[in-house]
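Asks: This is what each chain is made of:
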Amino acid sequence: MSAILEIKNVVKKFISEKKEVLAVDNVNFYVEHNEFLSIVGPSGCGKSTLLRMIAGLETPTSGEILMEGKEIKGPGAERGMVFQQYTLLPWRTVLDNVAIGLEIKGIPKKERYEISRKFIKMIGLEGFEDSYPYELSGGMQQRVAIGRTLANDPKIVLMDEPFGALDAQTRTILQNELLKIWNKDKKTVLFVTHSVDEAIYLSDRVIIMTARPGRIKDVIPIDLDRPRERNSMEFIEYKKKIVDKLKDEVLKTYNMNNYSI
Amino acid sequence: MNILKKIIMPLLGLLLWELLAKWLNNPVIIPPVESVINILMNPQTSVLGTGNLIENTLISIKRVISGFIIAGIIGIPLGIFMGYFSTIMDLFDTFIELLRPIPPLAWVPLALAWFGIGETSMLFIIFIGAFFPILLNTIAGVKSVPKILIESIETLGAKEKDILLKIILPASSPSILTGLRIGAGIAWMCVVAAEMLPGSSSGLGYLIMYSYSLGRMDIVVASMIIIGMIGLILDRGLKYLENRYFKWKSLTK
Ligand SMILES: Nc1ncnc2c1ncn2[C@@H]1O[C@H](COP(=O)(O)OP(=O)(O)O)[C@@H](O)[C@H]1O
Ligand SMILES: [Mg+2]
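Residue numbers (my numbering), protein chains in the order written: chain A, 1183 to 1443; chain B, 279 to 531.
These are calculated hints, taken from the structure and not from any lab test.
Watch out, some of these pointers could steer you wrong.
Said to hold, decoys possible - Below, simulated BS3-like cross-link-like pairs (lysine-lysine); rule was C-alpha separation at most 27 Å, straight line: (1) A/K1255 / B/K300; (2) B/K527 / B/K517; (3) A/K1291 / B/K527; (4) B/K421 / A/K1255; (5) B/K437 / A/K1287; (6) A/K1201 / B/K425; (7) B/K527 / A/K1200; (8) B/K444 / A/K1292; (9) A/K1337 / B/K425; (10) B/K437 / A/K1337; (11) A/K1200 / B/K425; (12) A/K1252 / B/K439; (13) A/K1291 / B/K437; (14) B/K517 / A/K1337; (15) A/K1255 / B/K527; (16) A/K1195 / B/K444; (17) B/K439 / A/K1292; (18) A/K1303 / B/K439; (19) B/K517 / A/K1255; (20) A/K1252 / B/K437; (21) A/K1287 / B/K517.
What the hints assert, rightly or not - Derived Cβ-Cβ restraints for the label pairs, each shown as a range: (22) B/T365 / A/N1210: 34 to 44 Å; (23) A/K1291 / B/K437: 17 to 27 Å; (24) A/K1200 / B/P379: 31 to 41 Å; (25) B/A391 / A/Q1267: 50 to 60 Å; (26) A/D1430 / B/L443: 43 to 53 Å; (27) A/L1433 / B/P379: 56 to 66 Å; (28) B/T365 / A/N1208: 32 to 42 Å; (29) A/G1321 / B/I503: 51 to 61 Å; (30) B/D368 / A/E1246: 30 to 40 Å; (31) A/K1200 / B/F373: 25 to 35 Å.
All C-beta atoms in this analysis are idealised placements derived from N, C-alpha and C, irrespective of residue type, glycine included.
All chains, full assembly: derive it from the sequences and hints.
Replies: So this is what it looks like as C-alpha cells:
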C-alpha cells in the first residue's frame, strides 16, 4: 500500500478585518490507497476546513497537500466530496442530480441514467428518481448527495459528517452500503464524523483532532475484522480509548466558548 | 362568492361611468359606455381612417416585442457576467447606476437626434425601458446563488462553463423571468408613450392622440382599455410561467 494523499505541515488561518482565526495548525497525515480513514474531533476544530482544503476549495496558508504525489491546485473530480450542508440542485430531479457529474464528463444520457439508477437503488431511493429535492426529507437529500458523489467515481471520497442528519436505522444501513462500495470498488474514503462509534465501525484508522486550533492528537489503527460487532469487547475497548482522548478536547472547546462569552 | 367580490367594484364603476355620461351628456368629456363597447366589439372596422383597432394593437405589440427582445439579448448575458465576474461588475457598475434612474422618456430628445423620427427611436425608448429591470434582476439572481452549490459541483469536476450553464443560469432563471416580466410591463408603457411622439402614424399610442385631437373620447377610452388588458395578459402570462417552471424556487426553503 502507498499513500494516495499526503497532508504536510498544513496550516490554515482565516484572516478577516477584525480578527484572525487559526483553524488548522500544522497537520500532518497521509491516506493510503483503498484505506478508510476517519477524523473525529470537537466541533469547530477545523475538520471541515481540512476537508475543504483537500477538496481544493480552500488554499492552505502554508504547507502542502499532495494527491498521488502531485500538489493539488483547486477542485477536481478525482476528489469527490459529500458536504455537511444540503447541496442538491433544487431545480433538478433526483435522477438528474445524481447524474450531474457524469453529465459534466460528457457521458451520453442513456448511459449516465443507467449508472445513476444503480446508485439511486444503492442509497435506497428507488422510486424517487423523478422527485425534486423539496419533496424529500433532509436525510433523503443527504443520501442523494452521497449517490451523486459515488456515481461520479472519484478516486478518493471526502465525506463531511454525511450521516449526521439521519436516523439511527438509516445510518446503519448506509454505513454498510458505504463499506460495500468501498470494498468492491477499491475506493479510498476520508470520513469526518462526530460519532466515535461510527468511526470505529467503519475505519482502518481513526485520527483524533485537538480542540481549535486543530492539530492531530492521536492516530488509532482499528485492528478488527469486518463486519464489526459493536457489542464486542474489543469494539468497546476502542470506544473507551477514543472517547477518553476526545473528552479533554471537548472540555477545552467548552471552556473556550464559555470564556469567549 | 369570491368572484362576486372581485367583480363588484368594476361593475359599480361601470354603472357610475354610465350615470355620469348620461348626466353630463358630453361625449368629449365622458363618452357613453355603449359607444366604447361598440368600438371594442367591432375591432375590425377602420377607425378615423387610421386602420382598425386590431392592426394598431398588433403594431404596438410588434414594437414592444422587438425592443424587448433586444433588451433581453443584451441584458441577460451582461447581467450574468456582471453578477459572476467581479471585474466586469466593477467596470460597468457606476455607469449603470448613473443611467438607471433616468426615466425612459427623458431619452426621447437624444433618441430623435440619433435615430430620427420613426421606428428606431421608438425601439430605443422601449429598449431603455425594458433593459434595466432585466439587467438588475439578472444580476440579483446570479448574486443570490449559494456558493456551496458551485463548490459542490466543482468537486464533481465542473469547470467555469459548467458552472455558468448548469448552476448560475438555472439558479437565476426565476429572477431573470421576474426581470423580464417587469421589463415587459415597462416596455408596454413605453411603446404607448413613444407612439404619442410627433411623427408617429400608427399604434395604440398614436390612435389615442389622434382620436383626442378629433374629440373622439370613445376611441381614446376603448384604446386605453385594450392597453390595460394587454398589459394584464402579459403580466399574468409571465407570472404563470414563473409558477409553472420555477415551482422549486418557492418550495425550496
Ligand atoms: N470561511 C471562514 N472564515 C472565517 N473563519 C472560518 C471560516 N470557515 C471556518 N472558520 C472557522 O474555523 C474554525 C474551524 O471550522 P470548521 O472547519 O468548520 O470546524 P469543524 O468542521 O471541525 O466543526 C471555526 O472556528 C470556524 O469558525
Ligand atoms: Mg464541520
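Asks: Does the Cβ distance between A/D1430 and B/L443 fall inside 43 to 53 Å?
Replies: Cβ of A/D1430 to Cβ of B/L443: about 50 Å, so the range 43 to 53 Å holds.
Asks: Does the beta carbon distance between A/K1291 and B/K437 stay inside 17 to 27 Å, or does it fall outside?
Replies: With a Cβ separation near 20 Å, A/K1291 and B/K437 satisfy 17 to 27 Å, so the hint holds.
Asks: For the pair supplied as a hint, A/K1252 and B/K437, confirm whether the alpha-carbon distance does not exceed 27 Å.
Replies: Cα-Cα ~20 Å, so holds.
Asks: Given the hinted pair B/K437 and A/K1337, is their alpha-carbon gap at most 27 Å?
Replies: Within the cut-off at roughly 19 Å; holds.
Asks: Check whether the Cα positions of A/K1252 and B/K439 lie no farther apart than 27 Å.
Replies: It holds: about 25 Å lies between the C-alpha atoms, which stays within 27 Å.
Asks: What's the verdict on A/K1303 and B/K439, does the C-alpha distance respect the 27 Å limit or exceed it?
Replies: violated, 31 Å
Asks: Holds or violated: are the alpha carbons of A/K1255 and B/K300 at most 27 Å from each other?
Replies: violated, 81 Å
Asks: Holds or violated: B/K439 with A/K1292, Cα cutoff 27 Å?
Replies: holds, 23 Å
Asks: Given a hinted range of 50 to 60 Å, is it respected by the beta-carbon distance of B/A391 and A/Q1267?
Replies: holds, 55 Å
Asks: Given the hinted pair A/K1291 and B/K527, is their Cα-Cα distance within 27 Å?
Replies: This hinted pair holds, its Cα atoms lying about 26 Å apart.
Asks: Kindly confirm whether 34 to 44 Å is satisfied by the beta carbon distance between B/T365 and A/N1210.
Replies: holds, 38 Å
Asks: Given a hinted range of 30 to 40 Å, is it respected by the beta-carbon distance of B/D368 and A/E1246?
Replies: Check passed, 33 Å falls within 30 to 40 Å.
When held up to the earlier numbered hints, the structure conflicts with 1, 7, 14, 15, 16, 18, 19 and 21 and fits the remainder.
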